[in-house]
Amino acid sequence: MNSHTPSAGAKPPADPSPNQRAWRRFRRNPVAMASSFLLGFLVALILVWPLFSRPPFAPHLPRALTHAPNAVSDAQFQPPGPQYWLGTDVHGRDLLSRVFSGARLSLFVGLVGTAVSLVIGVFWGAIAGYCGGRWDAVMMRFVDVLYSMPSIIFVIVLITSLNAVLAKWQSGPAPLPDATARWLQFTALFGGLGAVSWLTMARIVRGQVLSLRHRAFVDASRVLGAGHFRILWHHVLPNVYGLIIVYLTMTIPSIILYESFLSYLGLGIQPPEASLGSLIASGTEQINSIRIYWWLIVFPGGMLALTLLALNFLGDALRDAWDPRSEN
Amino acid sequence: MYFLKRTLFLLPLLLVISFLAFALVRAVPGGPFDRERKPASPEIERNLRAKYHLDQPLWQQYLRYLGGLLHGDFGPSLKYRNHSVGDIIAQGLPVSIALGTAAFCFALGAGIPLGFYTAARRGRWGSYAGSLLAVLAICVPSMVVGPILIMLLAIKLRWFPVALWGSPWHLVLPTLTLGLYFAGRIARLLHAGMLTTLHAEFITTARAKGLGETAVLLKHALPIAVLPVLSYSGPMLADLLTGSFIVENLFQIPGIGVFMVNSSLDRDYTMVVGLVLLYAALLLVLNLLVDFACAALDPRVKYE
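Chains A and Z, in that order, give the protein sequences.
FYI, in the numbering used here the residues of the first sequence are 2 to 329.
FYI, in the numbering used here the residues of the second sequence are 115 to 418.
No lab work stands behind these hints: they were computed from the structure.
All figures in this text were calculated on a predicted structure; none of them were measured in a lab.
Idealized CB from N, CA, C, for every residue including glycine.
A portion of the hints provided could be inaccurate.
List time: in silico BS3-like cross-link candidates among lysine-lysine, alpha-carbon distance up to 30 Å [stated by the list, open to error]:
no.: 1; chain 1: Z; residue 1: K323; chain 2: Z; residue 2: K333
no.: 2; chain 1: A; residue 1: K169; chain 2: Z; residue 2: K165
no.: 3; chain 1: Z; residue 1: K193; chain 2: A; residue 2: K169
Computed, partial: chain A to chain Z, Cβ under 7 Å [to be verified]:
no.: 4; residue: V146
no.: 5; residue: V158
no.: 6; residue: A165
no.: 7; residue: A217
no.: 8; residue: L258
no.: 9; residue: I281
no.: 10; residue: T285
no.: 11; residue: I298
no.: 12; residue: G302
no.: 13; residue: L309
no.: 14; residue: N313
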């Protein structure tokens, strides 16, 4: 994101730009700071954890994956205890490590999916708002039509068709290496998730651009001979950037949720990789009326809820900070 | 006038949506008969395609489908032979509607009091606790709430049946699972709406007249603050009435939410288009009704 705000730049610090004032409000909000710290702590924990899930720190780890999933026993399900802090799963794997790696993947998917929706949404909304008139009408009616269709069907269609193309290619004369194929599968997932969540972003950006495009500073740069692209990119969009950030923070949790739903359906992250959603889904498979393996649901679910909670509070705080009415 | 225009727009809009959905499902590689018992000979496949007119050009199939729609016929299901899409929807929709309505009532019944409470006691600890509760309801997804409720209330304590559909007793856990998220959303919407409304000038006027705090909140602020909740109810009800895959799958409920997912996985073309049309029609009509209600309730709302 660039920061060429018209009023930033050369102005003395005594007269801060709207974005600077927003940041100042944000830093004074205790909820904002608390949620940022919680999120930062979670991310740090998730990123640092692989260093500790090695033999010297975790002596039990080489013993993972020694249980046959079909054996008539439930010895693989160790409840939370001093050795396995969060218990073990259906294959006897340490749930703590699974939850952290699942959270890493969930956050990653959330970020990339949000980036895809950001690019499509901002592009679509900015062009519709900037052109106005008939183009605007056509482009926004298209968004309306997409809004009134169930998004899950889109996602399934997109993901299954991309995967089918991939599978066909793999069975052909020149198959890709497995690692590349897995990445392409991820890409299909990101694309599918991003492609269904750009609609609200497009609406928001379009509304803002529409109201900005006839302001005096836009006319001024047009008179000076600036091209359409330059006006849009350097003069109009920087003024929308606060709102975009706010909305991005709200898109990440919804994409993380959507991915966990897809993983629940078996369309998301494929085993042996895990996301929080697929961990929860494999926990639901183990529900039976004899033994309750509560830790298989509660811990991944708790991690998911904690992540979403932090992101939600962060989004609220950002919105409050950028909302001009909240100035006091 | 505005609403008449929007009502007239409904049909062309649905037509566009039906065409988009029709073209979209056909664009997916693979067909509805891929999961037949293998090996299906080419002759069988060809005959099946001919029976369902899948061998004709796309535009002919679409016109045929539209012709059927005019008679209220959604076409045959390609996956569940001998059942028409209309039959399947007629069987599952009442179940989904019953569950959805229960969840809707729960969401309103829990969300509105919670939102009102947090707004009325703003700045105090009760309000922060209530707001946290609302955010928690949003952040704990139904795929976590459902299993926990089943394990705790159905398996451990044996208060409610674990799954299946039938008595009102079976309705409790699915309703909670489905409605919790929406209750949280409604509580937050009402909270925000109340706070905005309390800054309005007519509230200052009401206070200046010497009205008590309760009367100001209940009689003057609430009717206006509830408008965002009302406009959210449209899409929410459309979501709830067409069923939820997770809840129906967890509790083995025979609704249509499961079909929404499975039909697109099975490439059951007619089923997908039928369900998309159902959802879209529901959403568009509900949105229209909600906007109409908003305009009727709030004299300041104007549509051109």
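Okay, the hints, checked on the actual structure:
1. Proximity of Z:K323 to Z:K333 is assessed by CA-CA distance (about 14 Å); at most 30 Å being required, the pair is judged to hold.
2. A C-alpha spacing of about 28 Å is found between A:K169 and Z:K165, which places the hinted pair at or below 30 Å, so the restraint holds.
3. Among the hinted pairs, Z:K193 with A:K169 is consistent with the structure: their alpha-carbon atoms are about 23 Å apart, no more than 30 Å.
4. With a cut of 7 Å, the hint placing A:V146 at the interface with chain Z holds, because the nearest CB-to-CB distance is about 6 Å.
5. Annotation: interface hint on A:V158 holds; nearest CB of chain Z at approximately 5 Å, less than 7 Å.
6. The beta carbon of A:A165 comes within 4 Å of a beta carbon in chain Z, closer than 7 Å, and the hint placing it at the interface holds.
7. A cut of 7 Å between beta carbons decides the hint on A:A217: the least distance to chain Z is about 27 Å, and the hint is violated.
8. The closest approach between the C-beta of A:L258 and any C-beta of chain Z is roughly 6 Å, which is under the 7 Å cut-off, so the hint is satisfied.
9. Given hint, A:I281 at the interface with chain Z, holds; its Cβ is 5 Å from that chain's nearest Cβ, closer than 7 Å.
10. At about 5 Å, the closest approach between the beta carbon of A:T285 and any beta carbon in chain Z falls short of 7 Å, and the interface hint on this residue holds.
11. Because the closest C-beta pair between A:I298 and chain Z is about 5 Å apart, less than 7 Å, the hint holds.
12. Hint status for A:G302 relative to chain Z: holds, with the closest Cβ pair at about 3 Å, below 7 Å.
13. This hint holds: A:L309 has a C-beta 4 Å from the nearest C-beta of chain Z, less than the 7 Å allowed.
14. Checking A:N313 against chain Z by beta carbon gives a least distance of about 6 Å; that is within 7 Å, so the hint holds.
Of the numbered hints stated above, the single one contradicted by the structure is hint 7.
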